[in-house]
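Undergrad: Below, each chain spelled out in residue letters.
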Amino acid sequence: AQTVTQSQPEMSVQEAETVTLSCTYDTSENNYYLFWYKQPPSRQMILVIRQEAYKQQNATENRFSVNFQKAAKSFSLKISDSQLGDTAMYFCAFMKHAHNDYKLSFGAGTTVTVRA
Amino acid sequence: GAGVSQSPSNKVTEKGKDVELRCDPISGHTALYWYRQSLGQGLEFLIYFQGNSAPDKSGLPSDRFSAERTGGSVSTLTIQRTQQEDSAVYLCASSRRQGEQPQHFGDGTRLSIL
Chain A
2 AQTVTQSQPE
12 MSVQEAETVT
22 LSCTYDTSEN
32 NYYLFWYKQP
42 PSRQMILVIR
52 QEAYKQQNAT
62 ENRFSVNFQK
72 AAKSFSLKIS
82 DSQLGDTAMY
92 FCAFMKHAHN
102 DYKLSFGAGT
112 TVTVRA
Chain B
55 GAGVSQSPSN
65 KVTEKGKDVE
75 LRCDPISGHT
85 ALYWYRQSLG
95 QGLEFLIYFQ
105 GNSAPDKSGL
115 PSDRFSAERT
125 GGSVSTLTIQ
135 RTQQEDSAVY
145 LCASSRRQGE
155 QPQHFGDGTR
165 LSIL
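If you read the sequences in order, they're chains A and B.
When we follow this note's numbering, the leftmost residue of the first sequence carries the number 2, and every step to the right adds one.
When we follow this note's numbering, the leftmost residue of the second sequence carries the number 55, and every step to the right adds one.
It should be emphasised that the hints constitute simulated quantities derived from the structure, not laboratory data.
This one's a predicted model, so the numbers in the text were calculated from it and none came from an experiment.
Mixed in with the good hints there might be a few duds.
As the list claims (entries may be wrong) - Below, in silico cross-link-like pairs of lysine to aspartate or glutamate (DMTMM-like), each with a Cα-Cα straight-line distance of 25 angstroms or less:
hint, chain 1, residue 1, chain 2, residue 2
1, B, Lys69, B, Asp117
2, A, Lys56, B, Glu154
3, A, Lys74, B, Glu98
4, A, Lys97, B, Glu154
Given the sequences, and given the hints that come with them, work out the whole structure.
TA: And the structure:
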């Protein structure tokens, strides 16, 4: 089984500043996917960014970027130029790259509050 | 519809009652997933459907939980003889085919057991 650990229950950041969320995972798989999902108070989970383990280049989506360290099994999310709309719970998730096993394993989440 | 639709949005029921939660995936999506989110926790996988294949039920916590998907579209998650520990938000997600990301999530059903 895969374990995803988010060690920061809560983070607070000033608007326009940068915040980094940590995520570590444990797996014996060599090929897999990693994701960061955002969950605002509306409850709907929204995909922020994804990373395929076989790609060495870190994924970037506008103000969101990751630092993927495969050997260390670390997958942190950096939010640059934080905006009030970034306030949400953020979940790190893992998915095997395996036939017929497409379920996501999630961390416990980090609540991010952006202060005006 | 444009997104994954779940109903009801909120459900309050007494311990021991049965409940049914509904998920209507995005049209054309063949893969459907159910997750449970307990208060302040991450999502826990429950069950996964892909087309006409046998579902992956490996995440169902007990035999009180069951799910079906009729006609490859709408899915119903049933919890029998509800217990207080069943209180959680139940989230449904779909994707065009198995393994494809992202999984598109609905807004969930908040279930409260009194």
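Undergrad: Would you mind confirming whether the straight-line C-alpha gap from Lys69 (chain B) to Asp117 (chain B) stays at or under 25 angstroms?
TA: Holds. Lys69 (chain B) to Asp117 (chain B) sits at ~16 angstroms (cutoff 25 angstroms).
Undergrad: Tell me if the straight-line CA distance from Lys97 (chain A) to Glu154 (chain B) falls inside 25 angstroms.
TA: OK: Lys97 (chain A) and Glu154 (chain B) at ~12 angstroms, within 25 angstroms.
Undergrad: For Lys74 (chain A) and Glu98 (chain B), compute the direct alpha-carbon distance and say whether it is at most 25 angstroms.
TA: Roughly 21 angstroms between the alpha carbons, so the hint for Lys74 (chain A) and Glu98 (chain B) holds.
Undergrad: Within 25 angstroms, alpha carbon to alpha carbon, are Lys56 (chain A) and Glu154 (chain B)?
TA: 17 angstroms, holds
No hint from the list above goes unmet by this structure.
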